[in-house]
Amino acid sequence: MGKENIVNGQSAGDNKAIDSALIYKVQQGDRDAFNELMLKYHRRVFNLALRILGDYTQADEVAQDAFVRAYRAVSGFRCECSFSTWMYRITVNLSRNYIKKKRRFNHLNTSFDNPVQSNDCPNSKYDIGNNAATADKILIDKEKQEIIEKAIQSLDEHFRSVVVLRDMEMLSYDEIAGILSINLGTVKSRLARARAILQEKLKDAV
Amino acid sequence: MQCKECRKLLSQFLDGQLEQGQQIAMKEHLKNCPECSRVLDSITEMVNLMHNIKEVSPPEDFAQKVNKKIDRTNVWQKFFSGLKIIFTPRIPAHVMAVAATVVIAVVIVRQWPIKETVYSGAALHEKAGPAVQISADTEKNKSADLVRTRQESLSKDQRSPFISKTLSASSVGYAEPKKEVEYCSGGVCEFPLEDTLRKKDESNLISLKEQISKKENKQLSNAVIETGADSGSKISEERTIIVLKPKNIKVELKPGNYIAANQKQVMSFEAVQKNNEALLIDNLLAELNIKDIVKVKSDERLKYSFTLPFGGFNKFLTKIKELGELKILTPMPVLRPEAYTSIYGGMIRPQILAEPIFVEVIIADKR
Numbered sequence: 001m002g003k004e005n006i007v008n009g010q011s012a013g014d015n016k017a018i019d020s021a022l023i024y025k026v027q028q029g030d031r032d033a034f035n036e037l038m039l040k041y042h043r044r045v046f047n048l049a050l051r052i053l054g055d056y057t058q059a060d061e062v063a064q065d066a067f068v069r070a071y072r073a074v075s076g077f078r079c080e081c082s083f084s085t086w087m088y089r090i091t092v093n094l095s096r097n098y099i100k101k102k103r104r105f106n107h108l109n110t111s112f113d114n115p116v117q118s119n120d121c122p123n124s125k126y127d128i129g130n131n132a133a134t135a136d137k138i139l140i141d142k143e144k145q146e147i148i149e150k151a152i153q154s155l156d157e158h159f160r161s162v163v164v165l166r167d168m169e170m171l172s173y174d175e176i177a178g179i180l181s182i183n184l185g186t187v188k189s190r191l192a193r194a195r196a197i198l199q200e201k202l203k204d205a206v
Numbered sequence: 207m208q209c210k211e212c213r214k215l216l217s218q219f220l221d222g223q224l225e226q227g228q229q230i231a232m233k234e235h236l237k238n239c240p241e242c243s244r245v246l247d248s249i250t251e252m253v254n255l256m257h258n259i260k261e262v263s264p265p266e267d268f269a270q271k272v273n274k275k276i277d278r279t280n281v282w283q284k285f286f287s288g289l290k291i292i293f294t295p296r297i298p299a300h301v302m303a304v305a306a307t308v309v310i311a312v313v314i315v316r317q318w319p320i321k322e323t324v325y326s327g328a329a330l331h332e333k334a335g336p337a338v339q340i341s342a343d344t345e346k347n348k349s350a351d352l353v354r355t356r357q358e359s360l361s362k363d364q365r366s367p368f369i370s371k372t373l374s375a376s377s378v379g380y381a382e383p384k385k386e387v388e389y390c391s392g393g394v395c396e397f398p399l400e401d402t403l404r405k406k407d408e409s410n411l412i413s414l415k416e417q418i419s420k421k422e423n424k425q426l427s428n429a430v431i432e433t434g435a436d437s438g439s440k441i442s443e444e445r446t447i448i449v450l451k452p453k454n455i456k457v458e459l460k461p462g463n464y465i466a467a468n469q470k471q472v473m474s475f476e477a478v479q480k481n482n483e484a485l486l487i488d489n490l491l492a493e494l495n496i497k498d499i500v501k502v503k504s505d506e507r508l509k510y511s512f513t514l515p516f517g518g519f520n521k522f523l524t525k526i527k528e529l530g531e532l533k534i535l536t537p538m539p540v541l542r543p544e545a546y547t548s549i550y551g552g553m554i555r556p557q558i559l560a561e562p563i564f565v566e567v568i569i570a571d572k573r
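Just so you know, the sequences run in chain order A and B.
Counting from 1, one number per residue, gives the positions in the first sequence under the working numbering.
Counting from 207, one number per residue, gives the positions in the second sequence under the working numbering.
These are computed hints drawn from the structure, not numbers from a lab.
Treat the hints with care, since some could be wrong.
Listed below are the simulated EDC-like cross-link pairs for lysine to aspartate or glutamate, each with C-alpha atoms no more than 16 Å apart in a straight line [what the hints assert, rightly or not]:
1. A:144 x B:251
2. B:210 x B:234
3. A:40 x B:261
4. B:214 x A:80
Some chain B residues well away from chain A (every beta-carbon gap over 10 Å; in silico) [claimed, not checked]:
5. 207
6. 229
7. 268
Just so it is clear, the structure is predicted and the values come from calculations on it, not from any experiment.
Idealized CB from N, CA, C, for every residue including glycine.
Given these sequences and hints, build the entire structure.
This is the structure we're talking about:
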């Protein structure tokens, strides 16, 4: 089951029931209910956008737009899929649109690194003087992860989406099929192809 | 089962997606094929690394921004429903909405007389206030001051220290300006301030919004920045930005932080120098002709503080990358030479862009 199905320790079934209740309230115009849903899922939505787009600012914008779009479209939401799946679908579509728009503008974008979680930031974490072996391992793992992130960013968008949804968001094949509106066979073949490409790119680095 | 078929099914095998018969055949093949086993191990390691890529926290004011956008679109929706009553129902609502959006967007854009972008430095054009001319002298040395305020009659308050500081940066390596561009200083902001800064360390980063609300004397002004790309060969499109008048705001900076304060982008990052003997940063800064470098040594860290001129940051990063001797430990933000505008709900969304950049590099001893 994907990460999003276990939220706040609740099972998928309970989660869906809670979300449905909140969605109903949002459909009646309850903004607080919407904010509650947003609080629950904004981190996941943001990280999904970040993994697809590879840029914090872009991910912030797309994630915001995803929730705005969800709010505007909530009256049409019929709870056939889970709210999280729906949000993921919106986020993936917006991210794709963003990538297409970015290609048109052909931005010159110099990026040395993208921010990762802030826990890694404080310099106190790197007690390099005391334990070189641990520091080396931290650096090596971090390096590998950075290399992987860059490799993922170099994938074609169709492959990138499946890899992100499966290997980072840990969604099931069925959920991925629902989000991307493709059939199960396509999920399998795209994922296999994406992993093979990544493995080829990374074989010397990782 | 042959290797070719095995390789095709490795991904599904890893995820437990194969039927029982195929699963058994795969296991049997992998038992006897070290090469396929190696590939599986490699994919498994890669997938595990991806699983462990840590989540990033979104900005703290994410929900606030979403609600603001929703409120903004609600205003437009009410406006268009009002239009629906006035106009004939034969015109579809979405057509009217698009038409109105285009009209409004054109009106907003054309509030500022837009000058042609001709130079790769920054030129500011603001809506209100006295005009100050920026010009560049193509004959002079590249480090020459690009800003010349023409009116001695401008009072001290009217002269923007931000403008003069920003545009007095040298334009080393950039295309020279070809003609004068007019800009104004002063004026009142008509756009809501957009906080495009990213908060990585909540205790240490202060957003522009907080700075403004703390100081309460927000002298915001609209400005149009035209900025070239790092190569100096590309002329970018016009942008709309918000420019803050600088106040004395003290900010504590930690490695990995990125803020814009007093119209300077300030960035700090920590690095490990692989080769302790090479004075890497010193040489690099000398090569980039950076002066006024402050070096402070404490414990096992050496901290450099310096200011990079307009466009210098990307050069700096490129050089570091090329040299490959410096391992950056703390995340560094993407610094775009150009901002962008997007039309959302009929409004132009401003971005914030400021140069030059004050940088701190902390080199940790790696022993």
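Straight-line alpha-carbon gap residue 210 (chain B) to residue 234 (chain B), limit 16 Å: holds (15 Å)
Distance rule for residue 268 (chain B), whose beta carbon must clear each one in chain A by more than 10 Å: Violated, because the least Cβ-Cβ distance between residue 268 (chain B) and chain A comes to about 6 Å, which does not exceed 10 Å.
16 Å Cα cutoff - pair residue 144 (chain A), residue 251 (chain B): holds (11 Å)
Beyond 10 Å from each Cβ of chain A, as asserted for residue 207 (chain B): holds (16 Å)
Restraint status (C-alpha distance of residue 40 (chain A) to residue 261 (chain B) at most 16 Å): holds (15 Å)
Hinted pair residue 214 (chain B) and residue 80 (chain A), Cα distance within 16 Å: violated (33 Å)
10 Å cut-off, C-beta based - residue 229 (chain B) kept clear of every residue in chain A: holds (14 Å)
Of the numbered hints given earlier, the model fails hints 4, 7; all others are met.
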